[in-house]
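Student: Protein sequences appear in the order of chains A and B. So the numbering used here is basically just the index in the first sequence, starting at one, shifted up by 39. So the numbering used here is basically just the index in the second sequence, starting at one, shifted up by 1486.
Since the hints were derived computationally from the structure, they do not count as laboratory data. Check the hints yourself; a few may be wrong.
Said to hold, decoys possible - Straight-line C-alpha distance at most 25 Å; calculated DSS-like pairs for lysine-lysine: (1) A:Lys66 / A:Lys90; (2) A:Lys83 / B:Lys1554; (3) A:Lys83 / B:Lys1491.
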Amino acid sequence: NAGVMQNPRHLVRRRGQEARLRCSPVKGHSHVYWYRQLPEEGLKFMVYLQKENIIDESGMPKERFSAEFPKEGPSILRIQQVVRGDSAAYFCASSPNAGRTDTQYFGPGTRLTVL
Amino acid sequence: DQQVKQNSPSLSVQEGRISILNCDYTNSMFDYFLWYKKYPAEGPTFLISISSIKDKNEDGRFTVFLNKSAKHLSLHIVPSQPGDSAVYFCAASVLTGANNLFFGTGTRLTVIP
Chain A
40 NAGVMQNPRH LVRRRGQEAR LRCSPVKGHS HVYWYRQLPE EGLKFMVYLQ
90 KENIIDESGM PKERFSAEFP KEGPSILRIQ QVVRGDSAAY FCASSPNAGR
140 TDTQYFGPGT RLTVL
Chain B
1487 DQQVKQNSPS LSVQEGRISI LNCDYTNSMF DYFLWYKKYP AEGPTFLISI
1537 SSIKDKNEDG RFTVFLNKSA KHLSLHIVPS QPGDSAVYFC AASVLTGANN
1587 LFFGTGTRLT VIP
């Protein structure tokens, strides 16, 4: 299966802990997007990265959240000092090129629960 | 600020009938619209799209209609099948702008056998 992989699928953290979400894009895709889906809401864009570069982080909270897509390895979404409001499903998508949103392939998501 | 809205959280349709899912948007800069289908515990899967230069796009049982003046689009599924039961998300983007998608809140379609 060469699709987008995300792990872990489920993550439970206590308030104040750190959460690390991983995304391995489709092989050959160099563009990664992170979206967050709060309960009863649609997916909301957080950040768009290319290899080693953050292109657009306009949807990402300014504090506690960071993302990277290193030259080697998966993309990481990191949430420091988690709070209950961070509980959500986090989806990663990848695409082979920029500018065509219908070429974004989504992973199965990581469901984060903050106790 | 919800720029893409799906006002019907759920829809039930008999197998073989037409399913019509609706979506409204507020941002006149959007020029590309997409529908995604999502099963539980899976990520959204792209279904069909339409550019703002068109008012209709058809792919098999799925047709998307765009009414730019009303800022409204709809997805028609005919005939509906039980396997179509899923949550459908409408999404929009600005082709020449950022690459991010703006999603609606979704409509849960149930096709009754």
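Student: Now look at each hint and say whether the structure bears it out.
Tutor: Against the structure, the hints come out as follows:
no.: 1; hint: A:Lys66 / A:Lys90; result: 13 Å, holds
no.: 2; hint: A:Lys83 / B:Lys1554; result: 23 Å, holds
no.: 3; hint: A:Lys83 / B:Lys1491; result: 13 Å, holds
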